[in-house]
Amino acid sequence: MATSLVIVGVGGQGALTLARWIGEAALAAGYDVRIAEIHGMSQRGGSVEVHVRFGKEVYAPIVEEGGADYVVALEAVEALRAYKYLKPSGVLVANKRVIQPPGKWVDPQFVLEAITKSGIKAYVLPCFDIAMELGSPIYENAVMLGAVSKLLNLPMPESLDERNREAFRRGARLVV
Amino acid sequence: MKNLIFYIHLNTVKILLLGNEAIAYGALAGEVAVATAYPGTPSTEILETLEEFRDRFVHWATNEKTALEIAYGAAVAGARALVAMKHVGLNVAADPLHSAAYTGVEGGLVVVSADDPWMHSSQNEQDTRWYGLQAYVPVLEPSDPAEAYRYAKTAFELSEKLKHPIILRSVTRVSHVRAPVEVEPPSPPKWGRFSKDISRFNLVPAYARERRKALVEKWGTIGEVSAELMRVEPGGHVTIVTSGVAYNYVKEAVRLLNIDATIIKLGMPVPIPPKIRELVKGTVVVVEEGDPIVETQLRALRLETKGKIDGYFPKYGELNTRKVAEGIAKALDIPYNPPQPPKSPIEAPPRPPVLCPGCPHMGTFYILRLATAGLNPVWSGDIGCYSLGINTGQQDLITHMGSSVGLGMGVAVASKQFVVATVGDSTFYHAVLPQLIDLATKKVPLLVVVMDNAYTAMTGGQPSPSRLIPPEKIAETFGIPAFVIDPADIKTSIEVTKRAVEIVKSGRPVLVVSKRPCVLVATRKARKAGVAIPKYKVEPEKCIGCGICYNLLKCSAIQARPDRKAYIDPALCVGCGMCAEVCPVDAIKGDGARVKWLEVWQQA
Chain A
16 MATSLVIVGV GGQGALTLAR WIGEAALAAG YDVRIAEIHG MSQRGGSVEV
66 HVRFGKEVYA PIVEEGGADY VVALEAVEAL RAYKYLKPSG VLVANKRVIQ
116 PPGKWVDPQF VLEAITKSGI KAYVLPCFDI AMELGSPIYE NAVMLGAVSK
166 LLNLPMPESL DERNREAFRR GARLVV
Chain U
16 MKNLIFYIHL NTVKILLLGN EAIAYGALAG EVAVATAYPG TPSTEILETL
66 EEFRDRFVHW ATNEKTALEI AYGAAVAGAR ALVAMKHVGL NVAADPLHSA
116 AYTGVEGGLV VVSADDPWMH SSQNEQDTRW YGLQAYVPVL EPSDPAEAYR
166 YAKTAFELSE KLKHPIILRS VTRVSHVRAP VEVEPPSPPK WGRFSKDISR
216 FNLVPAYARE RRKALVEKWG TIGEVSAELM RVEPGGHVTI VTSGVAYNYV
266 KEAVRLLNID ATIIKLGMPV PIPPKIRELV KGTVVVVEEG DPIVETQLRA
316 LRLETKGKID GYFPKYGELN TRKVAEGIAK ALDIPYNPPQ PPKSPIEAPP
366 RPPVLCPGCP HMGTFYILRL ATAGLNPVWS GDIGCYSLGI NTGQQDLITH
416 MGSSVGLGMG VAVASKQFVV ATVGDSTFYH AVLPQLIDLA TKKVPLLVVV
466 MDNAYTAMTG GQPSPSRLIP PEKIAETFGI PAFVIDPADI KTSIEVTKRA
516 VEIVKSGRPV LVVSKRPCVL VATRKARKAG VAIPKYKVEP EKCIGCGICY
566 NLLKCSAIQA RPDRKAYIDP ALCVGCGMCA EVCPVDAIKG DGARVKWLEV
616 WQQA
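The listed protein sequences derive, respectively, from chains A and U. The opening position of the first sequence corresponds to residue 16 in the working numbering, with each subsequent residue numbered one higher. The opening position of the second sequence corresponds to residue 16 in the working numbering, with each subsequent residue numbered one higher.
Misleading hints may appear alongside valid ones.
To be verified - Per label pair, the in silico range of CB-to-CB distance:
#: 1; chain 1: A; residue 1: Val191; chain 2: U; residue 2: Leu148; range: 57 to 63 Å
#: 2; chain 1: A; residue 1: Pro141; chain 2: U; residue 2: Val615; range: 31 to 37 Å
#: 3; chain 1: A; residue 1: Pro170; chain 2: U; residue 2: Arg69; range: 17 to 23 Å
What the hints assert, rightly or not - Far from chain A, by Cβ distances over 12 Å, these chain U residues were calculated:
#: 4; residue: Lys29
#: 5; residue: Arg165
#: 6; residue: Asn263
#: 7; residue: Arg317
#: 8; residue: Leu448
#: 9; residue: Tyr565
Hints in this document: simulated from the structure, not taken from any laboratory. This one's a predicted model, so the numbers in the text were calculated from it and none came from an experiment. Yeah, the Cβ is synthetic: ideal placement off N, Cα and C, and Gly gets one too.
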């Protein structure tokens with residue numbers, strides 16, 4: 016059977032790249048892979064959603080509601096939006112960062128508490144903070160990749176450059 | 016992608032390819048020489064991939080009709096040609112498509128049309144396969160990127176063998192799915208030479224009638240070709256007929272339901288192979304993405320079907336494993352309990368699509384709002400990033416490419432209301448030029464605003480002809496007065512636009528061209544060139560919380576804090592400075608690098 020992930024974030028955060036890295040690692044590990052990307056109207060600043068499925072034999076490119084083993088969220092509000100994809104036994108991996116949605120100020124503390132107290136198994140990780148320590152928010156997705164790869168037991172993708180490798184290693188240390 | 020090109024020149028490699036990239040590499044293996052397209056999601060990456068190959072003729076055409084005509088001409092002359100578009104684009108190209116079936120081609124002509132079920136980025140759902148039936152053009156339908164690669168190559172071989180155009184139908188979940196694909200090195204392009212054949216290539220009535228007869232006869236033989244692309248996966252007594260991406264959901268669903276079914280996968284769903292009648296007994300379950308096109312044809316063969324026609328599967332939207340499993344379970348009267356998803360502890364606030372921070376259109380809409388204050392205009396819109404003017408209430412009518420000026424003229428003559436027609440530069444060349452001629456000859460009072468950002472921005476920044484053939488020059492040639500404004504210079508632009516508004520009020524059409532390149536292209540180029548991009552900040556003690564910057568200008572980098580004062584997210588700000596221009600109390604400050612940055616940006 017296949018492992019199903021739904022990766023979400025805000026346009027510009029690198030969710031597509033994160034999905035591609037995971038796919039690349041899964042392919043290198045000998046799995047069949049499907050990555051369904053959504054390109055649409057002005058995704059920069061809008062919600063972004065990518066579905067990744069890998070396993071011995073994969074057919075369907077998309078994950079239905081209640082069908083995801085993992086939801087990986089580069090942004091905490093989007094983690095809440097993607098809840099519906101989780102299996103009851105699913106795992107949520109969320110970045111601590113909140114990017115304010117247009118027109119409505121959300122209290123980051125409130126969002127993070129909602130996630131941790133929801134009853135689903137959740138990892139809430141400081142990917143953004145680590146990326147900033149490494150010099151730029153662009154490393155956020157590589158930190159997340161490190162954490163997710165550890166959970167999924169996937170190798171580091173070969174195409175990562177040195178800075179992203181460092182971000183990957185920092186991310187991998189976030190989960191035990 | 017450039018690395019990949021180098022790589023596959025050496026070897027056959029298995030690599031994660033987007034369905035659209037796979038189609039491009041399949042075409043390269045199929046000796047494509049001429050490739051044309053008009054960009055449109057989800058089809059764009061096909062030509063983007065082919066653009067890297069300098070030994071072929073690759074062209075972003077003004078619209079889909081032109082694109083198809085160039086490819087059709089090339090194929091008539093014996094070359095192998097591909098044209099790519101999205102489903103709605105095929106409507107624009109429908110005229111030459113029908114003729115192409117009558118004349119046939121000498122080389123290979125492959126028309127790729129990518130459907131977008133559930134309209135992730137489209138104005139309607141449409142099933143391209145209807146065009147196959149309507150125009151007598153066979154349709155191939157791949158189920159995943161690996162098959163998209165193979166079918167693209169097969170389509171050229173078939174097209175040349177049959178001397179007939181072939182449609183390759185993709186959908187979002189093939190075009191925008193990445194999967195492992197084995198890619199061979201590209202084959203050399205196949206060019207051609209036109210041989211005159213008056214009675215074949217001149218569709219005047221006397222000749223066209225003969226071609227029509229020949230076409231109907233040929234259609235009968237194509238059914239045999241269709242059979243060659245049919246795959247039967249033998250199983251139990253239940254028969255499921257499927258095609259394209261739906262096949263994948265069928266494979267997952269039969270496993271979930273634990274049933275032993277015979278699966279018949281059609282590679283060419285139009286026309287279906289009549290031979291299929293011999294393969295099935297009793298009721299057939301039909302699973303397909305889009306409209307019931309296979310099912311309708313099966314019923315015409317007098318087969319009993321359970322599919323979309325009687326509502327076993329939804330008639331709109333995309334399929335997924337759950338919908339397919341539910342439908343099959345209902346058709347076979349067996350139980351299926353889908354998983355119950357957990358509920359989010361709190362509802363996430365919506366994050367609708369917004370204009371990018373610093374988008375020139377944001378300034379243009381603000382300028383238009385102020386310049387037309389008190390007139391209560393009807394906003395006649397069009398397809399492109401500026402459709403998002405809907406967020407500030409400045410789009411009332413968006414229906415298709417070119418709707419702005421055409422429908423706007425209709426509204427203006429019917430109602431005498433003040434109409435503003437907003438159109439992007441790429442759409443302007445695509446569909447508005449002929450309408451502009453009608454506007455000029457009839458002199459209908461209309462404020463046409465061309466939001467000229469120099470690129471087809473919504474699909475990722477393909478080039479537009481706006482710098483070579485400026486819209487304002489065209490308008491002036493047609494006798495329509497034109498004004499040019501810079502949306503980053505809000506105060507001056509409002510004054511200029513007010514002058515344009517006066518002309519419309521006096522009963523004549525006028526063009527305002529708002530020029531500033533797409534901010535995404537500009538920031539990308541600036542980062543490469545090391546140009547400093549200023550960041551703007553709100554001085555909280557000065558901010559009065561009026562909301563002009565986040566509610567009226569509606570910059571997506573600016574949020575209202577709980578006390579209504581503005582906050583600029585430094586990670587999102589791209590230093591356009593429009594917020595500082597509109598702030599009534601001078602509470603927003605940049606760091607002085609704006610002038611230089613705006614100059615660099617204008618050249619992007």
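Each hint tested on the structure:
no.	hint	verdict
1	Val191(A) with Leu148(U): 57 to 63 Å	holds (59 Å)
2	Pro141(A) with Val615(U): 31 to 37 Å	holds (35 Å)
3	Pro170(A) with Arg69(U): 17 to 23 Å	violated (36 Å)
4	Lys29	violated (8 Å)
5	Arg165	holds (17 Å)
6	Asn263	violated (4 Å)
7	Arg317	holds (31 Å)
8	Leu448	holds (25 Å)
9	Tyr565	violated (8 Å)
Violation of the numbered hints given earlier is confined to hints 3, 4, 6, 9; the remaining hints are satisfied by the structure.
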